[in-house]
Amino acid sequence: MSAIHVTTTINNDATEFLCAPDETLLDVLRDRLGLTGSKEGCGSGDCGACSVMLDGRLVCACLVLGAEAEGRTVATIEGMAVGETLHPLQRKFLEHAALQCGICTPGFLIAAKALLERHPDPTEEEARYWLAGNLCRCTGYDKIIRAVLDAAAEMREAG
Amino acid sequence: MALDNKTDAGKRQFKIVGTRPLRPDGVDKVTGRARFGADMSAPGMLVGAVLRSPHPHAQIRSIDTTRARALPGVHAVVTRADFPTVDDAAIADILDNCMAGDKALYDGHAVAAVAAASGAVARHALELIAVDYAPLPFVTDVDAAMKPDAPALHPSRADETVPPGLSANVMARHQFGHGDIEAGLAAADRVLERSYRTEATHQGYIEPHACLASVGPDGKADLWCCTQGQYMVRNTCAAILGMEQGSLRVTPSEIGGGFGGKTTVFLEPVALLLSKKAGRPVKMVMSRDEVFRASGPTASTSIDVRIGMTKDGRITAGFAELRYQGGAYPGSPVDMGSMSAFAPYDLEHVKTIGWDVVTNRPKQAAYRAPGAPMAAFAVESAIDELARGFGLDPLEVRLKNAAREGTRASYGPTFPAIGLEATLRAAKDHPHWSAPLGPNQGRGVACGFWFNFGGDTCVSLNITPDGTVTVSEGNPDIGGSRASMSMMAAEELGIPYEKVRTIIADTGSLGQNDVTDGSRVTFAVGLATIEAARAAKREMCKRAAQVWGIDADAVIWEDGAVRPVSPNAGKHPPMTLAEIAAIASNTGGPIAGHCEVNAEGAGVSFGTHIADTEVDPETGAVKILRYTVLQDAGKAVHPDYVEGQFQGGAVQGIGWALNEEYIYGDDGRLQNAGFLDYRIPVASDLPMIDTVILEIPNPGHPYGVRGVGETPIVPPLAAVANAVSHATGVRLTHLPISPPRLLAAIRAK
Chain A
-2 MSAIHVTTTI
8 NNDATEFLCA
18 PDETLLDVLR
28 DRLGLTGSKE
38 GCGSGDCGAC
48 SVMLDGRLVC
58 ACLVLGAEAE
68 GRTVATIEGM
78 AVGETLHPLQ
88 RKFLEHAALQ
98 CGICTPGFLI
108 AAKALLERHP
118 DPTEEEARYW
128 LAGNLCRCTG
138 YDKIIRAVLD
148 AAAEMREAG
Chain G
1150 MALDNKTDAG
1160 KRQFKIVGTR
1170 PLRPDGVDKV
1180 TGRARFGADM
1190 SAPGMLVGAV
1200 LRSPHPHAQI
1210 RSIDTTRARA
1220 LPGVHAVVTR
1230 ADFPTVDDAA
1240 IADILDNCMA
1250 GDKALYDGHA
1260 VAAVAAASGA
1270 VARHALELIA
1280 VDYAPLPFVT
1290 DVDAAMKPDA
1300 PALHPSRADE
1310 TVPPGLSANV
1320 MARHQFGHGD
1330 IEAGLAAADR
1340 VLERSYRTEA
1350 THQGYIEPHA
1360 CLASVGPDGK
1370 ADLWCCTQGQ
1380 YMVRNTCAAI
1390 LGMEQGSLRV
1400 TPSEIGGGFG
1410 GKTTVFLEPV
1420 ALLLSKKAGR
1430 PVKMVMSRDE
1440 VFRASGPTAS
1450 TSIDVRIGMT
1460 KDGRITAGFA
1470 ELRYQGGAYP
1480 GSPVDMGSMS
1490 AFAPYDLEHV
1500 KTIGWDVVTN
1510 RPKQAAYRAP
1520 GAPMAAFAVE
1530 SAIDELARGF
1540 GLDPLEVRLK
1550 NAAREGTRAS
1560 YGPTFPAIGL
1570 EATLRAAKDH
1580 PHWSAPLGPN
1590 QGRGVACGFW
1600 FNFGGDTCVS
1610 LNITPDGTVT
1620 VSEGNPDIGG
1630 SRASMSMMAA
1640 EELGIPYEKV
1650 RTIIADTGSL
1660 GQNDVTDGSR
1670 VTFAVGLATI
1680 EAARAAKREM
1690 CKRAAQVWGI
1700 DADAVIWEDG
1710 AVRPVSPNAG
1720 KHPPMTLAEI
1730 AAIASNTGGP
1740 IAGHCEVNAE
1750 GAGVSFGTHI
1760 ADTEVDPETG
1770 AVKILRYTVL
1780 QDAGKAVHPD
1790 YVEGQFQGGA
1800 VQGIGWALNE
1810 EYIYGDDGRL
1820 QNAGFLDYRI
1830 PVASDLPMID
1840 TVILEIPNPG
1850 HPYGVRGVGE
1860 TPIVPPLAAV
1870 ANAVSHATGV
1880 RLTHLPISPP
1890 RLLAAIRAK
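Read top to bottom, the protein sequences are chains A and G. Under this note's numbering, think of the first position of the first sequence as -2, with each following residue one higher. Under this note's numbering, think of the first position of the second sequence as 1150, with each following residue one higher.
Extracted from the complex, chain A is given alone in its bound form (with noise of 0.2 Å):
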């Protein structure tokens, strides 16, 4: 079984690297690439711990195949804040003591983000179910919502 090579763009960086047919996207991403930021919890999409966005949709890089990034844009937590500024979910997540042991973070926060750009001013039961697929056992979700409620306030008022 011969690598294939993929040509992308990762957060914004043009990217190449070879894999084998069967890997993911998120093996590639965490042990070829060094982005660790992306966490596998399951590997069977059900926790929502590896949520990326691949060409702007939001997905569980554990479902995807590295090969099928050929050509397309991803972007992981790693890219999500600019420099030394955060972006507002991730602050409005330190505000809010939205995280305990932090492990599911990257993945609520890649999800609320692909949430807010769809809808920016979500009610507390739309944000719960858009949110159902990434799963949290430290905080019972409580200060979570409360983050991506305030979040979405905020980015409404700054336009």
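By construction, these hints were calculated from the structure, which means they are not laboratory data. Even glycine gets a Cβ: it sits at the ideal position worked out from N, Cα and C. Be aware that one or more of the hints could be misleading.
[Unchecked claim] To give an idea of the interface, some chain A residues facing chain G are shown, with a C-beta separation under 7 Å as derived from the structure:
1) Thr4
2) Ser41
3) Ala94
4) Cys135
Given chain A's structure and the hints, the job is docking chain G onto it.
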């Protein structure tokens, strides 16, 4: 020298403790920079993988690894034959759980492991290992395992507490209590007898177990892993592998949840042995399937309760017999279940008997207040049924019987100042308790107790030359403890929170620390941090007095600076921490404080929960409408993270009550080893979780702190079940209250 050592925590005015600063490790965790167990790598690293038994119980006749070893890219293969013999029974059980010996004892039990150049080669190598199994009869249910003719896992291992004639799977018997049960029951207007069952649940941390081991030819070893206790990992691995503790350095990664499930070892000794054989670093990461089949779960239980109550709501006697299966080895938490079952109540006559039972399931690991939630489910359900049967308010009944300062606890000791009554009164006054309910809706209340723990703790606090402060502690930060330690150090030193940085040390840098368990870290590490800061302050007082040429007892530490204790001591402007630090080299050398202690006085913890549920009578689905946690925190150091513990524990308990269970098939294999089929609560299942923090200071801590982490998982099982009973008129005695189970109960009404 005098210090502003105010020990009256109840009256102390705090400046930093009780505020809500940002956690110091937060930025790393929202940007993906934080390194968790599986994020570690090393030059020349190999990938390890484990072969696991597909049988629930089987003799291992032989293991042939010849073909696997011959596969190009394979650098090491190990089986139990490669491990040394271990004498200590507890360590031997841990080893046997990490790598099976003569028998595979459960579906998922490790039987061999390989290290290879890639994950693909490692997985291929596993397929080439030939294990000759002779399947044996098996048992996975606790009551079935106690029958005299049940298949025996470990013939002749029961301890001396077990009477003769019982199944060989009964490992130990525990008994607690005082008074005369029969006399107490005779004084009751009604005696309720009920049997309850709870299913095994998994801690469900999102981060699978992971480690990276590197053993040199000189026998010196390094291990990086996600764990609740790096010292426990060091000591256990050293004991299993016959190493000296000093030759193994363990560095904890960030930890992606543990809840008790990372207080033991699974992969670590295997990775060390593979690394030793291969002469290369070896990384091992469990799949989610492996996490479910081979790590963690808590016990499943079967509990009989007899409680007597007078018609005005006084409990005259409480008796419970508890049977917990803890998987394939002795050590289920039935002892703690038996001790905690009636702990919230002031009872003249109380007795519990606990049976520790083994079955063909994975070895149980601690899960948040181990053993207590199941016992509380049984007792709190029975009290609720009695109270409602008499037409009494279940909250009033609990208040009438609540343990107070001076109560002789059901498990022996006499309680000092405790907060149960305060949580009950706060619940009664909370708007939730009197809010109206609609059709098919019900409200439940339940109390919970946890012992809390202190234990071995080391903290080293260093003053840098520019007057900032670093704190080294030995317990992984599982949910904000770096922030709490920085806050307590800053409070004690009178400097801003931002001037303190707390790090988690490896095992070479501090003395022995107990694992992050027993809700001990904010209490015990906090206590040690405060003591370390006080030691540094004593030294800084000495240095300033030396500079001023006056006696050390003529100065005082106040507001972050040394001052003369009175004008008689001379006119000296205050010397700040930063000023003293800048000249430390000329006044005797660097300044530090440290504390090594076996912390006592942890202070027990109580909570009361209120749950509202709505039941769909067509489907049996239960929705949580509203939920309130009221708990005594002693003193909340960082209220955000105290609330977070309350909310997270409550939701784990809600999952236990409604959804989560280990399901075994007729073949003895786990049927639902994944997050799709083992369903933990998701955001859309839940409302906001309201919290009320009460602060009844713990006299055993300088700031009054009590551990808060475990108690919140104790009441929800019964609070939810009581709410469902209130909503439907049927009493569910078997958890989880899954839709089919509830629908069947409603239809049988």
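List of violated hint numbers, smallest to largest:
1
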